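Asker: Chain by chain, the residues:
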Amino acid sequence: MVDAHPSHEPVAPALVEVSGLSLPAAITHLPRPDPYLNVEDYEPEADAMALNMGPQHPSTHGVLRLKLFLDGEICFKAVPYVGYLHRGVEKLLENRTAIQSVPYVDKNDYVSPLTGELALVMAYEALLDVEPPPRAQVLRTILMELQRIASHHLWLGTFCLDMGGALGGGSSVFLYNFRERELILDLLEALTGQRMHYNALMVGGNRHDVPPGWEEKVLATMDRVEDRLAEYEAMTVDNHIFRSRTVGVGVLDPLLALEAGAGGANLRASGVDHDLRRDAPYAAYGQVDVRIPVETAGDCYARFLVRIAEMREAIRIVRLLVSGIPEGPIGALKPPRHVNAVKLPPGEVYVGIESPRGELGTYLISDGSPIPVRVKIRPPSLHAVSLLPYLCVGATVSDIVVILGSLDPILGEVDR
Amino acid sequence: MAVDETSRTFVHPLYGWLEKIPGLSVGLTTADAVLSWGLEHSLWVFPMATSCCGIEFMATMTSRFDMDQFGTFTRPTPRQCDVMVVAGTITVKMAPRVKRLWDMMPEPRWCVAMGSCAISGDFYRNLYAVVPGVDTFIPVDVYVPGCPPAPDHVHAGMHVLMEKIRQVRKGTFRPNADPAAREGLLRPSIPRIGDPDRDPALSRAQAEAAFRMDPGCQVTPRSEDERDVP
Amino acid sequence: MPDDVLALFRTRLGLEEVPPEGPFVPPETLPDIVAALKEMGFLLFLYCAATHWPATENRPEAFTVAYGLRRPGPGSSTARLRVRIPADGSIPTLSGLFAGADWQEREQYDLVGIHFEGHPDLRRLMLPEDWEGHPLRKDYAIDTHHFPWR
Ligand code: SF4
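Protein chains in written order, with numbering that gives the first Met the number 0: chain A, 0 to 415; chain B, 0 to 229; chain C, 0 to 149.
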């Protein structure tokens, strides 16, 4: 067994107060590397070399390109290049009406499409001042939590795959995770008819009502997923190799995380107690008491622990809500017959929700015509990738793969 | 071993000489059938996974759908692979990288375009940053439509590819043997958006058709003066 | 927006009413106001969104840039503000204050073509380096010819 890392011991860590926020003292105000270091000025101890990773690399989670400047095996500067998947969705949304635009945002964060839809739909609802009926709100909350479980499963699988042979051939956890992810996709498919890009929400409510027997199926699946979660924990939490690859690797300063705009588990693993589901409740999150897991070590292992705890919490929320879905309509507006059936009033809104990766926001300007003037999607993954120049410095190449995996960026959302 | 680009079969220099020996041609045919069987049941796949379809391709490789049962196997390097599965949107910035990876693959090689983005650019096709289909710069053997195609559809696509390999090796199907026809096939039959040969009336008709999802449905164009700095 | 932010905007900008979308801040005072907000606990950088407004008969071409910051923790709140700049104007960068502003500003420079003064590394983020034009401007057609691929 590896000796427990001091910061993972169950003692209350020392806290430091920064602008009214209590942060763990051990990892706050860490020295920040200069992301714009001039390579010429650096004096390497061993041989210096530039290494290119990507854009096609199995462990960059998509089409990310990283240029690493190495001193021996230690990286002293990392430059990420993004944009290999820039499809121009924002321009497209400026040419689409409120009803037409929902399927386009599915494809941004393709690991959790439903949260992308909710962020856009809620922005339109805030602009139009429409409140979805209670049944739609509860259904949306259940969908978001199911999506969070599916997304974290995919993350755990690929994260363990990145660590290669560490875990019994590397792909065991990956294969097990996809088995459970399929169960959740089955539930969503039963509801919406699609495995991936659901197009399940629309302005003012949901598009699909639950099929008969769906609630029981959800409960049964949740039991099964929870059982299997214990299996993954047995494979990873106390695994010697897993811990030595993750504990103390990629320590993220909570102040840097906040200033860089990181969110979700990346923030909460660094001791920032912040989650929009509790702090600015939307949909039906006000009706449940969401418990937010927080870790204080700030390393890859802490991010892993937070995501596992989030999966358990999501299972609990789904169980709570699915047994009491209120009766009633699932939409506040009449089903639209025209693509421009929804008339937008002039205005400017920003709505942020908690996606599995952090705060996913939509900033929308309308001037009163059926199509918006500007739609800006605030992508949590972009901010996670922008942390790499800070986190990679001082890490070895093999650790960089683990750090990148632990941040859980989705390149579709980075580039849009 | 030389490779005949157009039919994608092996042409060993010894072949022509061996075939002259009486009685050996039967043996050669059998050997060829065995080789062909081996070829089509050990397709190593290079997943050119750029976006959402890549996730679905990952799901295809896992235990529920189990692509390994056909001997299909993913390798992360193009140098060891026979099939490139292009899964995802190809953007202007990514296209040269895809081409370069394709050029790294050894012959014989095949390409499967998975998903409407790889086939035609999907609904991004007339956006400024997206390439309207991967067949505009590499030859595609099998198209698997869908957004994203379900894993069973990817299976079906791989079976079509196997069938194609078998038929090509048997000589019952010679795709694009005529280099001129091949050249023509590389160009889409309808000129794509951005092609100078494209008829502007076609674009207009397509856009109108897209909005005709309901009678009387139109997007009111926004006049310039209506917009104002807030 | 919470009361302390409204009070800050009122005293610093001499405004009577602060609209919910955020007040318009003169470009010169933007870093000071954002630094003051950061002191007040608005530590999470949310967004930087630039919009292009083409010229009409009534007004010349202009840009607006909107910023959002969030105070994390229970009872979280946002602070939003906007900056209006002329077509050839520029805006001071916030990348010294917020690490997250760095890439957001590069993205807005790339897609909308706003010049952020003092940014350490103002390169295109999404599109290839040799791309012509800024796609999110209103005079940039959505299907602009994009061959060759690079
Ligand atoms: S076809 Fe659909 S699922 Fe596939 S990459 Fe394109 S948008 Fe994504």
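These are calculated hints, taken from the structure and not from any lab test.
Just so we're clear, the structure is a prediction, and the values are computed from it rather than from any experiment.
Be careful, since some hints might not be right.
[Said to hold, decoys possible] FRET-style restraints, in silico, Cβ to Cβ:
hint, chain 1, residue 1, chain 2, residue 2, range
1, A, VAL396, C, ARG122, 19 to 27 Å
2, A, GLY393, B, ALA30, 54 to 62 Å
3, B, PHE69, A, LYS66, 33 to 41 Å
4, C, ARG122, B, SER41, 41 to 49 Å
5, B, PRO75, A, ASP185, 23 to 31 Å
6, C, THR10, A, LEU50, 46 to 54 Å
7, B, ARG74, C, GLY74, 50 to 58 Å
8, B, ARG74, A, ALA49, 20 to 28 Å
9, C, GLY74, B, PHE136, 33 to 41 Å
10, B, PHE69, A, ARG178, 54 to 62 Å
11, A, SER322, B, SER62, 27 to 35 Å
12, A, GLY367, B, PHE136, 38 to 46 Å
13, B, ALA30, A, GLU44, 55 to 63 Å
14, A, PRO280, B, PHE136, 21 to 29 Å
Where a beta carbon is used, it is the ideal one built from N, C-alpha and C, also for glycine.
Asker: Okay, PHE69 (chain B) versus ARG178 (chain A) on CB: inside 54 to 62 Å?
Answerer: 20 Å Cβ-Cβ, so the 54 to 62 Å window is violated.
Asker: Please test the hint of 21 to 29 Å on the beta carbon pair from PRO280 (chain A) and PHE136 (chain B).
Answerer: Violated: the Cβ-Cβ distance is about 49 Å, outside 21 to 29 Å.
Asker: If I claimed the Cβ atoms of GLY367 (chain A) and PHE136 (chain B) lie 38 to 46 Å apart, would that claim hold in this structure?
Answerer: 43 Å Cβ-Cβ, so the 38 to 46 Å window holds.
Asker: Within 33 to 41 Å or not, the Cβ separation of GLY74 (chain C) and PHE136 (chain B)?
Answerer: Given a distance of about 54 Å, which is not inside 33 to 41 Å, the answer is violated.
Asker: Between the beta carbons of GLY393 (chain A) and ALA30 (chain B), is the distance compatible with 54 to 62 Å?
Answerer: Holds: the Cβ-Cβ distance is about 58 Å, inside 54 to 62 Å.
Asker: For the hint 20 to 28 Å, verify it against the beta carbon of ARG74 (chain B) and that of ALA49 (chain A).
Answerer: Given range 20 to 28 Å: holds, Cβ gap about 26 Å.
Asker: Given the hint of 46 to 54 Å, check if THR10 (chain C) and LEU50 (chain A) actually sit that far apart at their C-beta atoms.
Answerer: holds, 52 Å
Asker: Take the C-beta atom of ARG74 (chain B) and the C-beta atom of GLY74 (chain C), compute their distance, and say whether it sits inside 50 to 58 Å.
Answerer: holds, 52 Å
Asker: I want to verify a distance hint. Is the separation of the beta carbons of PRO75 (chain B) and ASP185 (chain A) within 23 to 31 Å?
Answerer: Given about 29 Å between the Cβ atoms, the range holds.
Asker: Given the hint of 33 to 41 Å, check if PHE69 (chain B) and LYS66 (chain A) actually sit that far apart at their C-beta atoms.
Answerer: Distance hint for PHE69 (chain B), LYS66 (chain A) holds at roughly 38 Å.
Asker: Do the Cβ positions of ARG122 (chain C) and SER41 (chain B) conform to the proposed distance bound of 41 to 49 Å?
Answerer: holds, 45 Å
Asker: Tell me if the beta carbons of SER322 (chain A) and SER62 (chain B) are separated by a distance inside 27 to 35 Å.
Answerer: holds, 31 Å
Checked against the numbered hints given earlier, the structure breaks hints 9, 10 and 14 and satisfies all the rest.
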